[in-house]
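Asker: Protein chains in written order, with this note's numbering: chain G, 8 to 428; chain C, 8 to 428.
No lab work stands behind these hints, which were simulated from the structure alone. Watch out, some of these pointers could steer you wrong.
Claimed, not checked - Taking lysine-lysine and the BS3-like style, the derived pairs with C-alpha atoms no more than 27 Å apart in a straight line are:
#	chain 1	residue 1	chain 2	residue 2
1	C	K58	C	K358
2	G	K358	G	K58
3	G	K358	G	K59
4	G	K358	G	K406
5	C	K58	G	K58
6	C	K358	C	K59
7	G	K98	G	K358
8	C	K59	G	K59
9	G	K98	G	K406
10	C	K98	C	K59
11	G	K98	C	K98
12	C	K406	C	K58
13	G	K59	C	K98
14	C	K98	C	K406
15	G	K58	C	K406
What the hints assert, rightly or not - Distance ranges between label pairs, derived from CB positions:
#	chain 1	residue 1	chain 2	residue 2	range
16	C	P189	G	W228	50 to 60 Å
17	C	D134	G	P395	47 to 57 Å
18	G	I27	C	F216	58 to 68 Å
Small disclaimer: the values here were computed from a predicted structure and weren't measured. Glycine is no exception: its CB is placed at the ideal position from the N, C-alpha and C atoms.
There are 2 protein chains.
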Amino acid sequence: MRLSGYFLPLLRENPSEAQIVSHRLMLRAGMIRQSSAGIYSWLPLGLRVLKKVERIVREEQDRAGAQEILMPTIQPAELWRESGRYDDYGKEMLRIRDRHDREMLYGPTNEEQVTEIVRAAVRSYRDLPKLRGREFLMKDAYSFDLDIAGARHSYNKMFVAYLRTFARMGLQAIPMRAETGPIGGDLSHEFIILADTGESGVHVHTDFFEPDWQNFDDVGWEASALQQVVGRYTGIYAATDDVHDPQAAAQYGDSIVSRRGIEVGQIFYFGDKYSRPMGALVAGPDGEAVALEMGSYGIGVSRLVGALIEANHDDAGIIWPESVAPFRVGLINLRSGDARCRSAADDLYAKLLYAGVEVLYDDRDESPGAKFATMDLIGVPDQLVIGPRGIAAGAVELKARRSGERAEVPFDTALDRLTAL
Amino acid sequence: MRLSGYFLPLLRENPSEAQIVSHRLMLRAGMIRQSSAGIYSWLPLGLRVLKKVERIVREEQDRAGAQEILMPTIQPAELWRESGRYDDYGKEMLRIRDRHDREMLYGPTNEEQVTEIVRAAVRSYRDLPKLRGREFLMKDAYSFDLDIAGARHSYNKMFVAYLRTFARMGLQAIPMRAETGPIGGDLSHEFIILADTGESGVHVHTDFFEPDWQNFDDVGWEASALQQVVGRYTGIYAATDDVHDPQAAAQYGDSIVSRRGIEVGQIFYFGDKYSRPMGALVAGPDGEAVALEMGSYGIGVSRLVGALIEANHDDAGIIWPESVAPFRVGLINLRSGDARCRSAADDLYAKLLYAGVEVLYDDRDESPGAKFATMDLIGVPDQLVIGPRGIAAGAVELKARRSGERAEVPFDTALDRLTAL
């Protein structure tokens with residue numbers, strides 16, 4: 008993409024309405040624009056990141072065997088009365104009437120809708136599916152099992168799928184025992200990443216800081232292997248302020264540290280809370296009617312983009328992990344007015360595109376300072392700088408956004424290195 | 008995908024609430040399920056089709072140079088007052104108040120939002136972008152140009168991009184001059200496909216039935232080439248009942264035929280209808296402030312799925328065009344209880360998957376009749392049938408859903424033919 012033709016409205020000043028770092032950086036880097044309080048449009052750069060995050064979430068859900076469905080945001084109030092949840096949400100829930108004066112609501116979650124789909128379609132224990140609801144900005148998954156052991160296995164699958172998902176984005180998401188709130192049930196974990204600007208106080212055992220804890224690829228999906236991973240991660244003390252137990256933590260002494268954290272996902276097991284009142288029953292192997300054992304599993308995909316920035320930024324701007332960067336390489340031509348520089352930059356741009364590298368090429372007529380500041384602000388992982396001095400020597404400068412390391416390298420070396428990424 | 012583990016709730020009976028063929032088939036084939044009147048969940052099979060349609064739309068928008076953004080469905084009423092459109096929509100528009108009692112609305116289109124984004128970000132004619140809004144079920148695009156000639160070029164680009172998009176789905180979408188309604192402006196075309204069950208009466212010159220009219224790949228994006236295509240397609244008589252002019256049509260005599268049609272897209276040029284009242288001005292080359300010339304371009308992605316079915320079905324069910332089929336190949340094992348059949352089917356399934364073919368494998372313990380009926384109902388283009396008689400001869404049956412042609416071929420031939428698709 009040539010920057011000269013790209014819709015990237017950067018802000019020079021910090022927007023006054025934004026207090027949180029990630030919010031400020033998303034506005035400044037032209038990723039989003041406010042439409043009304045709390046509601047935003049995603050602009051091209053932000054949407055690129057959102058889609059990469061979404062893709063990782065989707066791939067890991069697919070691997071866990073979930074099947075994707077799409078449920079409407081506008082739901083009938085009737086369904087929520089069946090489950091008894093209609094009055095559990097207060098002003099938080101948007102209640103509306105359609106043009107035929109029917110009561111509807113803007114659904115915050117989808118337990119009722121998915122239970123309705125399953126009760127209509129599933130008759131026997133042989134038909135039990137696992138479903139994943141999808142809305143662009145929120146991924147919900149729901150599991151339906153015949154008994155508690157099956158539901159626990161589904162819960163563990165999603166537990167490990169979540170660890171994998173966050174690890175692929177370079178996030179250490181620590182699972183913490185959580186309150187269930189209006190979703191209900193008696194077993195729930197939040198996945199929390201540590202960040203100074205996080206909204207919750209958390210208390211975490213330093214064992215979670217061990218560098219090798221992120222290797223989940225060889226776990227597989229077998230019940231006992233999953234239970235072992237879940238047992239290990241839930242066996243280490245970690246709690247949010249809400250559920251922190253100082254007495255229990257005391258036994259670990261100085262190994263418990265207090266930090267701030269951001270929630271990036273939450274999973275729930277709630278048994279037959281929805282299936283029983285809503286009549287989602289199936290014939291079990293003995294022929295008797297069984298109320299399905301359910302769980303639900305949520306990742307806020309758009310929220311995750313903010314959390315990624317909170318965990319990855321410095322004073323100059325965002326530092327994207329490679330797996331979710333909007334562009335992999337930033338190409339800067341220091342002198343767009345110089346024929347030799349332009350031709351060398353155009354040539355490198357074409358070669359990078361041809362090799363399938365996602366490259367943002369700053370071909371604008373701006374000062375070198377402005378170009379460096381732009382690439383740093385929007386956080387492109389690898390930057391390639393072309394200037395008259397380098398050209399004379401047949402070299403370009405490679406700069407790594409995260410480490411700040413710079414190296415003068417010959418043209419072909421730069422190309423080889425970047426196309427091998 | 009093995010059908011035994013796939014969430015595909017087929018209906019044996021025609022659902023009484025569905026009058027239209029496509030609606031009935033989508034419910035029967037387990038593509039969608041009604042949540043409330045007019046609101047549906049997309050189940051796994053339907054979502055696969057929806058995504059393929061969406062991908063074709065996206066690719067053709069990308070080719071036309073559009074940049075993708077995502078705008079919220081809930082919009083502030085204030086913006087709609089600025090453009091003067093707040094009162095143009097009656098009960099059709101859902102009006103709501105948020106928890107701070109601010110007036111919001113569930114936006115039917117996005118002209119105001121995108122104009123607000125552009126007026127805030129674009130200062131000079133040099134910055135003019137072309138933007139594409141995206142919501143999963145509706146693709147809107149908006150163009151912003153400095154003058155009428157530029158706006159006309161943008162309109163023509165989208166005109167041809169739409170012809171390309173529909174052609175890739177095997178649809179002959181006929182552009183027809185249209186009323187603009189509350190979107191406004193004085194130039195608009197609807198793209199309409201012919202189907203007996205269509206909601207509009209249309210009057211079309213038989214020149215549109217020429218077989219070679221679908222070749223748009225070599226048109227390119229140059230202004231005069233585009234204008235030539237647009238001129239050719241708007242020069243042939245085609246009109247919906249609303250704007251049909253029997254006198255003008257009379258000169259073509261018997262060449263005008265009356266049919267039914269379904270609208271699958273509409274494009275608008277409306278000048279400064281939004282930019283002037285909302286103050287989306289830029290400095291032109293002479294420095295004077297210019298109100299932007301705008302156009303908007305919409306494809307209802309979910310509606311298109313229904314239109315595809317209306318145009319492609321028979322008494323047995325759906326007949327998917329290959330580019331949007333949920334699965335490319337249906338593999339039927341006639342005797343899942345027979346060890347040799349099962350092993351041959353498992354083997355073919357593995358080989359097709361390995362070759363990257365999207366295959367749905369009916370490995371259920373059902374009668375041959377039920378299996379044939381399922382594949383025909385859900386419309387998989389190529390079917391591969393394995394049975395004991397064929398196995399003895401080292402052969403399988405290949406059946407084409409559209410033509411109904413069947414051929415007995417050796418194993419390897421079948422595999423070669425299907426992996427070459």
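Asker: Next pair to validate is K98(G) with K358(G); report whether the Cα-Cα distance is within 27 Å.
Answerer: Roughly 55 Å separates the two Cα atoms, so the pair is violated.
Asker: Would you mind confirming whether the straight-line C-alpha gap from K59(G) to K98(C) stays at or under 27 Å?
Answerer: violated, 38 Å
Asker: Take the C-alpha atoms of K59(C) and K59(G), compute the straight-line distance between them, and say whether it is at most 27 Å.
Answerer: Answer holds: K59(C) to K59(G) is near 18 Å, not above 27 Å.
Asker: For K58(G) and K406(C), compute the direct alpha-carbon distance and say whether it is at most 27 Å.
Answerer: With Cα atoms ~38 Å apart, K58(G) and K406(C) exceed 27 Å; violated.
Asker: K358(C) and K59(C): Cα distance at most 27 Å?
Answerer: holds, 23 Å
Asker: Given the proposed pairing of K358(G) with K406(G), does the C-alpha separation stay at or below 27 Å?
Answerer: holds, 19 Å
Asker: Mind checking the hinted window 50 to 60 Å against the Cβ distance between P189(C) and W228(G)?
Answerer: Cβ of P189(C) to Cβ of W228(G): about 53 Å, so the range 50 to 60 Å holds.
Asker: Please work out if K406(C) and K58(C) have their alpha carbons no farther apart than 27 Å.
Answerer: With a Cα-Cα distance of about 26 Å, the restraint between K406(C) and K58(C) holds, given a limit of 27 Å.
Asker: Please verify whether K98(G) and K98(C) have alpha carbons no more than 27 Å apart.
Answerer: holds, 24 Å
Asker: Run the distance test for K58(C) versus K358(C): straight-line Cα separation, threshold 27 Å.
Answerer: holds, 25 Å
Asker: Does the structure keep K358(G) and K58(G) at a Cα separation of 27 Å or less?
Answerer: Within the cut-off at roughly 25 Å; holds.
Asker: Has the given pair, K58(C) with K58(G), been kept, meaning a C-alpha gap of at most 27 Å?
Answerer: holds, 14 Å
Checked against the numbered hints given earlier, this structure breaks hints 7, 9, 10, 13, 14, 15, 17; the rest are met.
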